[in-house]
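As they're listed, the protein sequences go chains A and B.
Straight run, no breaks: the first sequence in the numbering used here ends on number 324.
Straight run, no breaks: the second sequence in the numbering used here ends on number 216.
Rather than coming from a laboratory, the hints here were simulated on the basis of the structure.
You may find that some hints are simply not true.
Quick list of simulated restraints, FRET-style, between CB atoms [said to hold, decoys possible]:
hint, chain 1, residue 1, chain 2, residue 2, range
1, A, 238, B, 50, 22 to 30 Å
2, B, 108, A, 322, 49 to 57 Å
3, B, 66, A, 158, 35 to 43 Å
4, A, 83, B, 33, 45 to 53 Å
5, A, 285, B, 213, 44 to 52 Å
6, B, 193, A, 219, 38 to 46 Å
7, B, 50, A, 139, 53 to 61 Å
All values reported here derive from a predicted model rather than from experimental measurement.
Glycine residues also receive a C-beta, built at the ideal position from the N, C-alpha and C atoms.
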Amino acid sequence: MTMIRVENLKKSFGDLEVIKDMSTVVEEKEVICVIGPSGSGKSTFLRCLNRLEEITGGHVYIEGVDITNPKIDINKIRQDVGMVFQQFNLFPHKSVLENVILAPMKVKKSDRKASEKKAYELLDKVGLREKAKAYPGELSGGQKQRVAIARALAMDPKIMLFDEPTSALDPEMVGDVLDVMKQLAREGMTMVVVTHEMGFAAEMGDRVLFIDGGYIVEENVPKELFGNPQHERTKAFLSKVL
Amino acid sequence: MDTIINALPYLMEGLQVTLYIFAIAIVIGFLIGLVVALFRLAPLKILNWIAKIFVDAIRGTPFIVQLFFIYFGLNSLDFISLDNTTAGIVTVAINAGAYFSEIIRAGIQSIDKGQTEAARSLGLNSTQNMRYIILPQAFRRMLPTITNQAIISLKDTSLLSVIGVADLTQEGRIQASATFDAFNVYLILGVIYFVVIYLLSTLASFVERKFVLR
């Protein structure tokens with residue numbers, strides 16, 4: 083089943099055209115890693131997939147629904163599309179547990195007991211059950227990001243978007259977060275991951291998208307893209323990061 | 003000393019009026035401030051303009067002129083009739099509302115954009131985002147400034163004596179002329195205001211500590 087279909091996506095900020103023309107398809111349970119130089123439009127691409135950025139042109143279909151259609155209820159779509167941010171964006175005035183149960187309770191109207199039970203299961207999964215009563219300010223970066231993943235998972239999303247989830251972390255914290263993501267991938271979550279972790283992309287990606295200059299320059303299985311890049315720009319980029 | 007003891011019951015009656023006016027006006031003023039701040043930040047341009055004109059008009063005119071306009075100006079219209087206490091409450095509320103709105107707007111804007119993005123990405127709509135994520139954080143940051151404005155508004159209520167509201171200041175004026183002891187009456191008047199404001203700011207810093215931003 084096709085989870086995400088992007089058709090001729092365009093996105094401009096004023097006169098600045100960040101995404102010129104991108105099309106791709108993400109199937110169920112696929113893990114897509116998006117790589118590319120900074121400023122290439124990869125984060126913007128990701129943020130268009132749940133319409134955190136208003137889309138300038140083209141279409142994005144999530145499970146068949148065109149989210150560029152202004153008449154659809156975007157909040158409904160977003161419940162199925164979890165997102166994890168580079169800067170974590172935990173709610174600092176709420177405890178870890180409250181961060182995780184907020185959306186299920188307020189958006190899905192789940193009762194507190196069921197939401198908490200689920201939240202503890204998810205905190206177990208990311209290895210942070212004992213931090214349930216702590217506040218985000220008391221956590222390390224890696225712990226914050228794992229809570230952010232649990233918070234997104236609490237809505238039972240069908241797709242998870244990761245926007246450079248390890249870029250703001252100290253090196254020794256990166257592994258814990260990647261491990262959680264690997265586990266998710268193995269469980270069959272459909273994931274789109276913007277990352278600088280080439281190791282993760284090579285190991286976990288079903289496909290890798292190389293984005294540069296507002297286009298998807300090259301798209302292939304990791305072995306091919308990393309081992310046998312076809313485009314000059316891909317080669318130039320990989321020679322710098324590998 | 004006797005004059006003070008005799009004057010004190012009247013001053014206490016005036017204090018009750020002052021606190022009553024202050025309590026109602028500050029609550030209404032805060033609600034006005036919240037609505038105006040949300041207007042100011044709304045995506046609709048027309049709402050931004052209404053909010054901006056309101057704030058500029060209040061900030062650009064003296065309190066006493068606003069009071070006279072509402073009490074004498076509006077009352078001169080056939081279809082409006084306000085007693086002096088009501089006119090006083092309305093003026094303090096509107097005046098405080100304009101200043102509160104700027105405080106609240108700045109507070110909301112000081113919250114990182116990522117908070118809204120995280121909330122919206124979880125499926126919260128913009129109202130839920132405001133209510134559960136942005137405003138609770140913004141209010142904690144705003145509390146010291148809000149307290150400051152509340153204190154200014156409390157002191158502004160003393161100007162209502164000019165239109166004959168029997169507030170603390172008005173009672174003080176009456177007692178000062180009745181006892182021929184202006185020195186002591188106004189001294190004690192000042193002490194009463196000072197104590198009330200001191201208690202108010204102590205309460206505020208208690209609340210602040212209780213809800214300290216983590």
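Each hint, compared with the structure:
1. A/238 with B/50: 22 to 30 Å: 38 Å, violated
2. B/108 with A/322: 49 to 57 Å: 43 Å, violated
3. B/66 with A/158: 35 to 43 Å: Violated, at about 53 Å.
4. A/83 with B/33: 45 to 53 Å: 49 Å, holds
5. A/285 with B/213: 44 to 52 Å: Cβ of residue 285 of chain A to Cβ of residue 213 of chain B: about 45 Å, so the range 44 to 52 Å holds.
6. B/193 with A/219: 38 to 46 Å: 42 Å, holds
7. B/50 with A/139: 53 to 61 Å: Given about 28 Å between the Cβ atoms, the range is violated.
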